[in-house]
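Taking the hints into account, I'd like the entire structure generated from these sequences.
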Amino acid sequence: MSAEACAAFLRRVEDTVGLFLFGAMLIVVLTQVFVRFLLYEWLQIAWADEIGRALLVWSSFWGAVLVTRESRHITVDLLYDAVPAPAQLALRILGDLVLATFLLLVLSMGRPIFLDSLRRPSPATGLPFFIFDGALWVSSALMIVHVVVNAARRWRPSAAPTVVPAVTDPL
Amino acid sequence: MSKAALITILFAGTFGLAALRVPIAFAMGLASAVVLYLMQIPLSVVYVKMTATVDSWPFLAIPFFLLAGNLMTVGGITTRLVDLADVLVGWIAGGLSQVVVVVEMILSGMTGSEIGDAAALGSVLVPAMKRSGYAANYAATIVAAAATMGPIIPPSIAFVIYAAINDLSHRSTVSRRHRPRRRDGPAAHGHAIPHGEEAPWPRQPWPTRQRPCAA
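Line order of the protein sequences matches chains A and B. Mapping of the first sequence onto my numbering: position 161 corresponds to residue 161, and the numbering continues sequentially without gaps. Mapping of the second sequence onto my numbering: position 159 corresponds to residue 159, and the numbering continues sequentially without gaps.
Think of the hints as simulated: they come from the structure by calculation, not from any bench. Predicted model only: the values in this text are computed from it and were never measured. All C-beta atoms in this analysis are idealised placements derived from N, C-alpha and C, irrespective of residue type, glycine included. Each statement offered as a hint is correct.
Per the computed footprint, the stretches of chain B lying under chain A, defined by three or more beta-carbons under 8 Å from a beta-carbon of chain A, are: (1) 12-22; (2) 26-35; (3) 45-56; (4) 59-70.
The list that follows gives simulated cross-link-like pairs (lysine to any residue, SDA-like), each with its CA atoms no further than 20 Å apart: (5) K49(B) <-> V34(B); (6) K3(B) <-> L36(B); (7) K49(B) <-> F130(A); (8) K49(B) <-> R111(A).
Under 10 Å between C-beta atoms, here's a sample of chain A residues computed to sit facing chain B: (9) D49; (10) R53; (11) A54; (12) L55; (13) L56; (14) V57; (15) I74; (16) D77; (17) L78; (18) L99; (19) L103; (20) M109; (21) F132.
Here it is, written out as structure tokens:
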């Protein structure tokens with residue numbers, strides 16, 4: 001499998017997971033609200049609170065992965081637009097280095113917490129605490145992959161330019 | 001190291017990196033990590049706080065605000081709101097720019113996201129304003145200015161975050177909602193009227209039978 005095919009496969013997987021996380025979060029929260037306000041005398045779903053929050057944590061950090069993949073983090077372009085091309089390249093390298101440094105820091109500092117979360121049960125559902133503490137670690141690892149891939153694409157002169165999809169989504 | 005020096009490093013690091021086109025989230029993160037290191041606080045706190053901050057039930061409102069705005073735009077509610085506002089205030093000087101302000105006031109009470117509001121309104125109203133002869137920069141400006149009402153008319157993302165961080169009831173922020181609505185809506189209308197009088201921009205015709213239908 002070529003590198004481009006791998007990237008396309010990873011892209012599909014990430015998009016699907018992102019869709020699943022958001023859809024599951026929507027269903028869980030709506031169910032929780034419905035039960036809490038209408039069926040509270042007969043039914044209580046304590047797990048929905050915990051699962052809803054866990055899905056929010058995963059959705060948030062998964063969103064950061066998707067944004068990193070598209071190089072669409074919020075940046076201030078005031079200086080970048082005013083400097084010549086070589087300086088712009090230097091600023092991009094600086095940006096990549098800062099991203100990689102911070103993400104590596106998160107990975108290394110979070111490793112003990114991440115490993116501990118695999119064993120520790122969560123209070124309401126008894127699932128591993130990974131459902132909360134695993135999101136940042138997994139997302140940081142994926143973000144590092146994307147930072148490296150994006151940087152490599154920029155440096156390879158023969159490569160096709162990074163295609164950022166048009167912003168059709170108003171949000 | 002003194003507190004003043006640490007605070008200086010924190011802010012200079014954040015704003016300095018952000019000015020150099022480092023993504024803002026990472027500029028804040030790295031500057032904070034450096035300051036924590038200088039304060040000899042274990043850096044694992046970065047990991048814990050990043051997760052714990054998002055792990056909040058009230059914050060679930062934020063993605064749903066964005067979803068609501070998206071659904072309203074895709075489902076055509078925004079277009080219908082524009083039609084309603086057009087009938088109500090389109091005949092005033094400044095025509096469509098008045099419509100922008102009214103629709104934004106209604107949208108702000110539902111979506112709570114200024115960026116979402118600006119995107120939703122801009123996609124519908126900026127092309128319409130340009131077709132009607134408005135200058136493109138004026139159309140963009142009035143949409144951007146009106147969208148700033150988004151976070152100050154509750155419920156909004158800003159109020160949700162404020163209430164969650166300060167451990168307040170969200171209802172306590174909603175109860176004060178009428179103050180900004182009364183002040184800022186008319187202010188934006190007032191801004192739009194002189195421009196409408198100066199420039200040869202068309203007013204919409206006075207609605208006759210449309211008004212009760214739209215309402």
